[in-house]
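S.K.: Please work from the sequences and hints to get the whole structure.
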Amino acid sequence: MVWVFRGILNLSLLHNNVEKKWRLDTRRIGDDLLEVSCAGRWCLDQNLPAAEITLAGAGDDLRRLSFNTAQLSAWDTGFLAFLRGLCKLCAERGLSIDQEGLPRGVRHLLAMAAAVPEQKGVRRGNGRQSLVSQVGAATVAFFRGVPEMLHFLGEITVSFGRLLSGRARFRLSDLWWEIEEVGPRAVAIVSVISFLVGLILAYLGADQLRLVGAQIFIADLVAIGMVREVGALMTGIIIAGRTGASFAAQLGTMQVNEEIDAFKTLGISPIDFLVLPRMLALILMVPLLTLYASFVGMLAGMLVSVAIFDIGMFEYYTETLRALEIKHFLVGLAKGSVYGAMVAYAGCLRGMQCGRSAESVGEAATSAVVTGILLITITASLMTIIFYRLGI
Amino acid sequence: MAAAPHIEIRDLTMAYGEFVIQHDLNFVVNKGDIFVVMGGNGCGKTTLMRALIGLQRPARGTVFYSGEDFWNVPPEQQARLKRRLGIMFQGGALWSSLTLAENVALPLKEYTDLPARRIAGIVSFKLALVGLAGFEEFYPAELSGGMKKRAGLARAMALDPDILVIDEPSSGLDPLTARRLDDLILELRDSLGTTIVVITHELASILGIGTNSVFLDSENHTMINTGNPREAVVSGDARVRHFLTRGAA
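Protein chains in written order, with the numbering used here: chain F, 1 to 392; chain P, 1 to 249.
Calculated from the structure, these hints are not laboratory results.
Careful, some of the hints might be misleading.
[Claimed, not checked] Capping the alpha-carbon separation at 25 Å, the derived lysine to any residue pairs in SDA-like fashion look like this: (1) F:K264 with P:E110; (2) F:K88 with P:D162; (3) P:K31 with P:L192; (4) P:K109 with F:L110; (5) P:K31 with F:C43; (6) F:K21 with P:D183; (7) P:K109 with F:C43; (8) F:K21 with P:E110; (9) P:K31 with F:L110; (10) P:K109 with F:I53.
[To be verified] Pairwise CB distance ranges, derived in the manner of DEER restraints: (11) P:R230 with F:P117: 30 to 40 Å; (12) P:P115 with F:V158: 50 to 60 Å; (13) P:D183 with F:R93: 24 to 34 Å.
We treat Cβ as the ideally placed atom computed from N, Cα and C, and that holds for glycine.
M.R.: Written out as structure tokens, the structure reads:
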């Protein structure tokens, strides 16, 4: 019995009218041998057949396979991939293969591909997990991450202890560099956002206070709102996006380059050397940025009130002074410091947890921003409740 | 009329601003050559490779592929020429968000109409050729440096290119794996007729597989034509012999 398959891709027009297609013939010789004849062009640019087609219709009494490639005009790794598939199929069916009829180069490359056997247990399935499994895995991963977060917090606390006792090892120049990076260089973006937030607060207040003829209290709303809450919150969120992501990317890249391992092998704490300056810089600079953001927000409120709602500038100024107390500033500064610490903690944590690939650096940066904003929101709520209970 | 050389480097000068790395490079790579670009650290081997593969425009001169001026053809023609090249970067340069199978499959998906099942078979074969059978679903971050390098070679071979440009194929590999990779390079040349340009300073590879070569001299910032490295080690320029004998000659 003879089976003949012909390639469906005819490239004759492209190849000087020479017919360029594959042809596969199979012929039974004797009781147990199948001769596979491959003719024509067996290349990647052809729609080559699947290996299974070769053994289609072959009986159960088949034991051996041989090849005839006398009419083979061209081949590349497309042919090799076909043959490898056929070899696997034969192995599964317990058929022996005589490769003598194959070109020398083909035999050599097939031998090279088989020279390093597949390591046992290496191959992975790529099956998708069910939604329940994914939720379960995410939950387990979250709870496994909690001890790691606490451990990192503990390491930072110990490092601060070393700092207070004068034993922490980091370069003062790094601290100054970080201070410049997180403070003065963030002024522009903090200015823009605080101005717009102050403007929104003023409009929002004016709309409601007009109903009771108390528009002058826009000054109280904007001043207390900006100084106590919004200034710190907006600065925290800006810094989480700007600096937290940057910390995670810097430390993550250092993980990829094994720089952090190099610190550890030298007996230098990467927490002291890398995390401490970043933490200090944000704890020191975020309160100052908060204060600045509050003033910019109040300025925006004043401009809106004077220009749009016909409140006198002096009147607005006097009302602002009357509304503000020193405790409001202290609350804002305290919140700024805590938010700064949260952002630094999230950025450094995710950076230090980073994997060894470029992709994991991106994931670390994203995770730092998400964690930073989440921590800011949680601590903002807690502090608001605590200050309310304390009557501050 | 004789066929144009497979690759011709003509009056090539590579520079970073005012700093000239190499000047007046002139050499020819014939079809089926395993052409070694050798030289000490910092002599400009990788910079030359970047000019060969279109990543860095030379300060002067150009590169011809089968007579086509690579740096002075329209972008579409240059893109077509680039598809004839397979590049293996020094560290593998695998895309970290893709598995090994996806890394090798990407050129096939982009430039052929092959069905997914056939691509999977080809990818599996190419990974097996470099000794990575079964690692299809691994991500680059899960592999050693040597494995990444081999996977990089599998990706470079994905489209069966006419020309393979390989940067430091055996550095960082154990001797047996390095030998296997050298054997594979020889087999690719012998079986598929691939022209191979190897950028290396590994003596075993230079002497083991090179059929033709140039030496980039870092003192004079230009090349020395060295021919077959096995002959150069005996009768070549004194600087080349010094290099090839680790300073003994």
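S.K.: Run every hint past the structure and note whether it holds.
M.R.: Right, here's what the structure says about each hint:
1. F:K264 with P:E110: Violated. K264 of chain F to E110 of chain P sits at ~44 Å, over the 25 Å cutoff.
2. F:K88 with P:D162: violated, 29 Å
3. P:K31 with P:L192: holds, 11 Å
4. P:K109 with F:L110: holds, 24 Å
5. P:K31 with F:C43: holds, 20 Å
6. F:K21 with P:D183: Violated. K21 of chain F to D183 of chain P sits at ~31 Å, over the 25 Å cutoff.
7. P:K109 with F:C43: Judged against 25 Å, a Cα distance of about 16 Å means the pair holds.
8. F:K21 with P:E110: It holds: about 22 Å lies between the C-alpha atoms, which stays within 25 Å.
9. P:K31 with F:L110: holds, 24 Å
10. P:K109 with F:I53: holds, 23 Å
11. P:R230 with F:P117: 30 to 40 Å: holds, 33 Å
12. P:P115 with F:V158: 50 to 60 Å: holds, 59 Å
13. P:D183 with F:R93: 24 to 34 Å: holds, 31 Å
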